[in-house]
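Q: Chain by chain, the residues run as shown.
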Amino acid sequence: MVDYCILYKNILKDGTDWSDGNPWDLFISAYNSSERVNHVYNNIAAKKKQWVTHAEYCYSEKDCPEDSYNAIDFDEAKVIQGIFNHLKLNSLEKLRICIDITGFMRPNMMFMLLYIKHLGAKKVDIIYAEPSRYIEKEKTVFSIESSKEVKQVAGFEGQHNIDNNNDILIIGTGYDHQLIAQVAESKENARKIQIYGFPSLSADMYQENILRVHKASESLDCGPGGNHPDNYFAPANDPFVTANILHEIVENVNNEKKITNLYLCPIGTKVQALGFAIFYLTECVNTATSIIFPFFEKYTKETSKGHSRIWKYSLEFL
Amino acid sequence: MQSDYSNPFQITKAVDFSDDEIKAYWVDFPIEGGFSKIVSPRSAMPMFILGGKGSGKTHLMRYFSYNLQLLRYNGDLLNCINKEGYLGIYLRCGGLNASRFMRKGQPDDRWSTIFSFYMDLSMTQLLLATICDLYNDSSEIALNEEKICQNILKLFDHEEKYGVKKLSELVNKIDEIRKRIDVEINNCAITGSLNVKILASPGKLVFGTPQILSKMLPSLRSIIFVYLLDEFENLNKDQQKYINTLVREKEPPATFKIGVRLYGIKTSLTYSADEEIKQGSEYEKIVLDSQFREKAVKSLYRPFVSRLCLKRINKLYYTISDSVNGVNPIAEFGEYFEHQAKSDYDSTETKELVSKYKPKERPYIRRLEKQLKEAAISGTVCGVKENEDIKKILNSVLCEDYPILEKLNIFMLYQKWSKNNNLVNSCSEIEKSCSQFILAKSEEAEYSQLYKHWHKDLLAQLYRDCDRRMQYSGIETIIDMSHGLPRNLLIILKCIYKWSIFNGEKPFTKDQISIKSQMQGIKEASEWFFQDARSVGESGSVLSDSISRLAQLFRECRFSDKPSEVSLNSFSTDLTKVSKKAQITLDLAVKWSLLVLIPGGQKDKNSKRLDQKYQLNRMLSPRWDLPIARRGVISLNANEVNAIFDDEHSNEFEEILKVRIDRMSAPFGVKQLNTECKKQMNLF
Numbered sequence: 026m027v028d029y030c031i032l033y034k035n036i037l038k039d040g041t042d043w044s045d046g047n048p049w050d051l052f053i054s055a056y057n058s059s060e061r062v063n064h065v066y067n068n069i070a071a072k073k074k075q076w077v078t079h080a081e082y083c084y085s086e087k088d089c090p091e092d093s094y095n096a097i098d099f100d101e102a103k104v105i106q107g108i109f110n111h112l113k114l115n116s117l118e119k120l121r122i123c124i125d126i127t128g129f130m131r132p133n134m135m136f137m138l139l140y141i142k143h144l145g146a147k148k149v150d151i152i153y154a155e156p157s158r159y160i161e162k163e164k165t166v167f168s169i170e171s172s173k174e175v176k177q178v179a180g181f182e183g184q185h186n187i188d189n190n191n192d193i194l195i196i197g198t199g200y201d202h203q204l205i206a207q208v209a210e211s212k213e214n215a216r217k218i219q220i221y222g223f224p225s226l227s228a229d230m231y232q233e234n235i236l237r238v239h240k241a242s243e244s245l246d247c248g249p250g251g252n253h254p255d256n257y258f259a260p261a262n263d264p265f266v267t268a269n270i271l272h273e274i275v276e277n278v279n280n281e282k283k284i285t286n287l288y289l290c291p292i293g294t295k296v297q298a299l300g301f302a303i304f305y306l307t308e309c310v311n312t313a314t315s316i317i318f319p320f321f322e323k324y325t326k327e328t329s330k331g332h333s334r335i336w337k338y339s340l341e342f343l
Numbered sequence: 010m011q012s013d014y015s016n017p018f019q020i021t022k023a024v025d026f027s028d029d030e031i032k033a034y035w036v037d038f039p040i041e042g043g044f045s046k047i048v049s050p051r052s053a054m055p056m057f058i059l060g061g062k063g064s065g066k067t068h069l070m071r072y073f074s075y076n077l078q079l080l081r082y083n084g085d086l087l088n089c090i091n092k093e094g095y096l097g098i099y100l101r102c103g104g105l106n107a108s109r110f111m112r113k114g115q116p117d118d119r120w121s122t123i124f125s126f127y128m129d130l131s132m133t134q135l136l137l138a139t140i141c142d143l144y145n146d147s148s149e150i151a152l153n154e155e156k157i158c159q160n161i162l163k164l165f166d167h168e169e170k171y172g173v174k175k176l177s178e179l180v181n182k183i184d185e186i187r188k189r190i191d192v193e194i195n196n197c198a199i200t201g202s203l204n205v206k207i208l209a210s211p212g213k214l215v216f217g218t219p220q221i222l223s224k225m226l227p228s229l230r231s232i233i234f235v236y237l238l239d240e241f242e243n244l245n246k247d248q249q250k251y252i253n254t255l256v257r258e259k260e261p262p263a264t265f266k267i268g269v270r271l272y273g274i275k276t277s278l279t280y281s282a283d284e285e286i287k288q289g290s291e292y293e294k295i296v297l298d299s300q301f302r303e304k305a306v307k308s309l310y311r312p313f314v315s316r317l318c319l320k321r322i323n324k325l326y327y328t329i330s331d332s333v334n335g336v337n338p339i340a341e342f343g344e345y346f347e348h349q350a351k352s353d354y355d356s357t358e359t360k361e362l363v364s365k366y367k368p369k370e371r372p373y374i375r376r377l378e379k380q381l382k383e384a385a386i387s388g389t390v391c392g393v394k395e396n397e398d399i400k401k402i403l404n405s406v407l408c409e410d411y412p413i414l415e416k417l418n419i420f421m422l423y424q425k426w427s428k429n430n431n432l433v434n435s436c437s438e439i440e441k442s443c444s445q446f447i448l449a450k451s452e453e454a455e456y457s458q459l460y461k462h463w464h465k466d467l468l469a470q471l472y473r474d475c476d477r478r479m480q481y482s483g484i485e486t487i488i489d490m491s492h493g494l495p496r497n498l499l500i501i502l503k504c505i506y507k508w509s510i511f512n513g514e515k516p517f518t519k520d521q522i523s524i525k526s527q528m529q530g531i532k533e534a535s536e537w538f539f540q541d542a543r544s545v546g547e548s549g550s551v552l553s554d555s556i557s558r559l560a561q562l563f564r565e566c567r568f569s570d571k572p573s574e575v576s577l578n579s580f581s582t583d584l585t586k587v588s589k590k591a592q593i594t595l596d597l598a599v600k601w602s603l604l605v606l607i608p609g610g611q612k613d614k615n616s617k618r619l620d621q622k623y624q625l626n627r628m629l630s631p632r633w634d635l636p637i638a639r640r641g642v643i644s645l646n647a648n649e650v651n652a653i654f655d656d657e658h659s660n661e662f663e664e665i666l667k668v669r670i671d672r673m674s675a676p677f678g679v680k681q682l683n684t685e686c687k688k689q690m691n692l693f
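Same order as they appear, the protein sequences are chains A and B.
Quick note, the first sequence lines up with residues 26 to 343 if you use the numbering used here.
Quick note, the second sequence lines up with residues 10 to 693 if you use the numbering used here.
Keep in mind that a hint or two might mislead.
[As the list claims (entries may be wrong)] Quick list of the computed label-pair ranges, beta carbon to beta carbon:
id, chain 1, residue 1, chain 2, residue 2, range
1, A, E91, B, N181, 29 to 39 angstroms
2, B, R189, A, F342, 23 to 33 angstroms
3, A, D42, B, K206, 47 to 57 angstroms
4, B, G43, A, K283, 27 to 37 angstroms
5, A, K283, B, Y34, 51 to 61 angstroms
6, B, K525, A, L343, 58 to 68 angstroms
7, B, S231, A, N311, 41 to 51 angstroms
8, A, P90, B, R477, 52 to 62 angstroms
9, A, K73, B, E30, 54 to 64 angstroms
[Said to hold, decoys possible] Just some of the chain B residues that point at chain A, by a computed CB distance under 8 angstroms:
id, residue
10, V24
11, R112
12, I194
Hints are computed from structural coordinates only; laboratory data are not their basis.
Think of the CB as a built atom: it goes at the ideal place given N, C-alpha and C, for glycine as much as any other residue.
Assemble the whole structure, with the sequences as input and the hints as a guide.
A: Listed below in structure tokens is the structure:
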């Protein structure tokens with residue numbers, strides 16, 4: 026078994042040199058109004074820093090940072106390819122790259138990993154800054170409108186089976202119960218398995234998460250929390266444990282009965298989504314597995330207050 | 010203690026059932042020929058099976074699929090399939106992940122071509138896998154299996170040298186081709202290229218394969234190959250256009266039964282010169298939940314769903330699955346639920362409600378007193394000029410033992426008030442009618458009729474006057490709430506069961522389910538339905554806001570002093586006069602089952618014009634304390650409909666609501682007393 030936990034993760038402390046005296050060649054971050062996103066951008070040492078402003082945040086051009094790559098598209102593949110075309114980079118083989126995923130749209134972040142691997146990157150450092158708290162606690166609105174469509178993330182589309190008698194949908198649960206319900210109903214015939222972010226980023230966030238998931242329980246067809254066999258837990262800030270848990274779930278379910286099609290949907294923290302992407306790229310390419318996501322076109326510019334721990338995860342592509 | 014896992018209604022979706030469970034929980038519709046008559050699987054005519062979410066489409070389509078045919082017949086399967094006359098090939102369109110056949114820098118027509126080929130491969134693969142299973146070890150196929158394979162391979166325009174001799178190998182080959190396409194689509198996002206070779210003309214595999222099988226396998230000669238395509242709503246417009254084309258161009262012995270939600274049909278166009286497929290000549294259409302609601306079969310819906318529920322209970326608690334053949338399943342099922350004890354004029358129920366008040370201080374009496382005082386001062390009530398008049402009126406309407414009759418007396422008084430009648434005279438007449446009605450329990454014309462018409466609304470008002478929520482209970486109410494969507498019933502029952510357990514009861518085994526648990530479950534299910542039954546995106550919030558406004562209007566009318574309509578949960582309107590946006594929202598509300606379009610419409614009282622008639626889905630009634638049964642229909646003009654259903658006019662709603670409700674509230678728009686009334690007053 027691949028043990029994802031052998032990969033490095035550490036906390037970057039304010040007032041220290043995050044690059045250990047060796048600045049990254051390229052740093053990419055997605056701009057929004059959250060303090061934590063701007064804090065990381067201002068404090069990182071890199072030869073080239075690149076802001077990306079996603080169209081989903083609906084910033085006017087004058088409100089975007091100078092030299093930002095302003096995405097006009099909602100298609101994750103086009104956005105990411107656009108960034109590297111803008112940077113005039115065809116190969117990343119020899120570059121030390123760092124990406125702050127805090128402000129990224131999840132599909133864009135996942136496709137970014139796939140694409141930098143395609144461009145030859147062997148390693149990448151990923152940064153995620155935890156919030157002190159979400160603005161309205163469990164009532165925080167992340168996506169301004171309901172998702173238009175649940176669909177596969179580009180490049181994570183798999184090779185699916187016609188037989189769907191044991192389809193599985195693993196949802197990394199988040200705060201938005203309507204999204205959870207929408208995802209669950211998009212794969213109505215699949216058995217639903219939830220991964221909760223636990224331990225959560227802060228103590229109260231787990232309870233807030235549970236409150237939100239309960240509202241989608243009819244779509245999930247199970248009671249949230251408790252001892253339901255289809256509930257799993259992975260730390261909200263550890264992509265490697267998340268990937269390990271995914272491996273464990275798939276192994277367990279396959280032992281019961283072979284999975285016909287596997288759908289993964291990370292709507293929890295960005296770190297959790299990172300764990301899903303790592304698992305997919307390591308174990309699921311060219312299998313009957315895909316990552317699905319509820320896409321939307323408007324996203325709240327500022328959902329959190331302050332920043333807490335800043336994590337660095339070092340990924341190595343196989 | 011029983012837990013959720015012993016909840017017979019835990020599973021509410023057919024997709025969560027195994028094939029064995031689909032069979033075990035099957036209940037046929039109680040008409041001659043049952044569901045087979047409705048779906049006609051042996052008919053060569055294609056059919057679109059529409060239905061709201063939870064109307065039973067998937068259960069029905071899976072029942073007609075090969076897997077269930079297999080379970081129905083343990084013996085000579087081929088012989089039995091011949092008897093049934095069809096072979097059901099079930100494909101869930103959701104499994105195709107159809108949204109990936111889009112964008113990625115490729116033109117739309119390229120994607121359409123690839124999807125058509127992919128769809129053909131998928132259907133053919135499923136059909137051949139079914140045949141492999143059906144003819145497992147059969148000598149009939151062994152004789153010419155290689156030849157069948159060769160003939161099927163000839164259907165490919167670009168025949169590849171596969172060297173296939175067995176159908177199972179052919180299934181694997183088709184699977185390989187399909188998966189090569191998957192890889193190309195997946196990589197297209199990165200490479201920007203889409204290298205897919207189309208190996209067969211559209212439709213050729215789908216129609217050609219059944220023809221070859223029919224010709225070369227004598228035991229299949231007289232059967233119809235039915236492609237059961239479920240979840241059609243998951244296909245986009247171009248993809249639906251391709252299926253429509255297959256439906257139009259269908260070749261025997263193949264046909265289609267297509268399951269789709271009410272909102273799921275995105276186009277009726279075909280690729281045949283962009284023409285539309287024609288209902289009647291090219292396909293039939295049934296709307297499942299509308300069928301359940303139709304007058305002719307409405308009386309059959311209650312016993313049908315009662316049997317369905319009893320089957321679950323019996324199987325779980327009494328391990329008997331086929332004992333539901335009693336003559337009265339509604340009564341049998343109803344036994345599990347506590348009923349409201351019957352009493353004269355609901356006296357037991359209503360006296361308990363008002364028990365905390367002294368007779369003259371019951372909230373509605375005090376409100377009437379206040380209204381009369383204010384109106385006397387402003388001169389907006391006829392016949393009342395001093396306190397003695399008010400006392401007389403209040404004494405006249407009192408009916409201590411029967412609060413519901415008190416409410417009726419006041420309602421009648423409001424009627425007289427709105428007509429500017431002298432209330433001091435009128436109240437004596439009302440008091441007399443009420444006494445006669447109680448004493449004689451007679452059918453005294455007007456009073457008795459008014460009681461029959463209004464007592465449910467007045468009871469609802471009484472609950473509200475006493476700060477209590479309206480009661481919804483009893484199996485008939487619960488079934489009627491589901492409004493033709495069996496899944497709604499299962500969800501109500503699932504919630505009721507949970508509350509019953511929470512309240513310490515032992516439902517379906519020892520205890521009857523209390524009225525309290527029924528009410529709690531019903532409220533929860535109603536709230537769930539409102540949250541669940543809406544489209545995604547911006548239109549979803551427009552829809553829920555519109556429904557909230559409509560329900561608010563109904564509620565304000567129902568709880569006004571003098572409601573204009575009995576048991577109001579429906580409205581009619583001239584659709585040609587309302588804004589385009591309002592029309593779209595109304596259409597969406599029907600497609601998402603939030604509103605139910607009543608067949609036949611409603612004749613406008615004045616112009617005799619036939620208007621569209623809509624009923625609020627009964628699942629929503631408890632959320633706004635509205636009636637379950639439909640009786641009165643309110644006619645809304647274009648301005649009112651726009652204010653409710655067009656978000657650009659929604660700021661006009663409060664004013665429009667006020668104007669309408671003012672007409673039903675004391676002093677009923679009476680501005681100043683007319684001369685006749687003043688004369689009468691001077692007589693005092």
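Q: Indicate, hint by hint, whether the structure satisfies it.
A: For each hint, the structure was consulted:
1. A:E91 x B:N181: 29 to 39 angstroms: violated (57 angstroms)
2. B:R189 x A:F342: 23 to 33 angstroms: holds (25 angstroms)
3. A:D42 x B:K206: 47 to 57 angstroms: Holds, since D42 (chain A) and K206 (chain B) (Cβ atoms, about 55 angstroms apart) stay within the stated range.
4. B:G43 x A:K283: 27 to 37 angstroms: holds (36 angstroms)
5. A:K283 x B:Y34: 51 to 61 angstroms: Since the Cβ atoms of K283 (chain A) and Y34 (chain B) sit about 26 angstroms apart, the hinted range of 51 to 61 angstroms is violated.
6. B:K525 x A:L343: 58 to 68 angstroms: At 60 angstroms between Cβs, range holds.
7. B:S231 x A:N311: 41 to 51 angstroms: Since S231 (chain B) and N311 (chain A) have Cβ atoms about 43 angstroms apart, the given range 41 to 51 angstroms holds.
8. A:P90 x B:R477: 52 to 62 angstroms: holds (58 angstroms)
9. A:K73 x B:E30: 54 to 64 angstroms: holds (59 angstroms)
10. V24: Result: holds, 4 angstroms to nearest chain A Cβ.
11. R112: R112 (chain B) check passes; min Cβ-Cβ to chain A is 6 angstroms, inside 8 angstroms.
12. I194: holds (6 angstroms)
Violation of the numbered hints given earlier is confined to hints 1 and 5; the remaining hints are satisfied by the structure.
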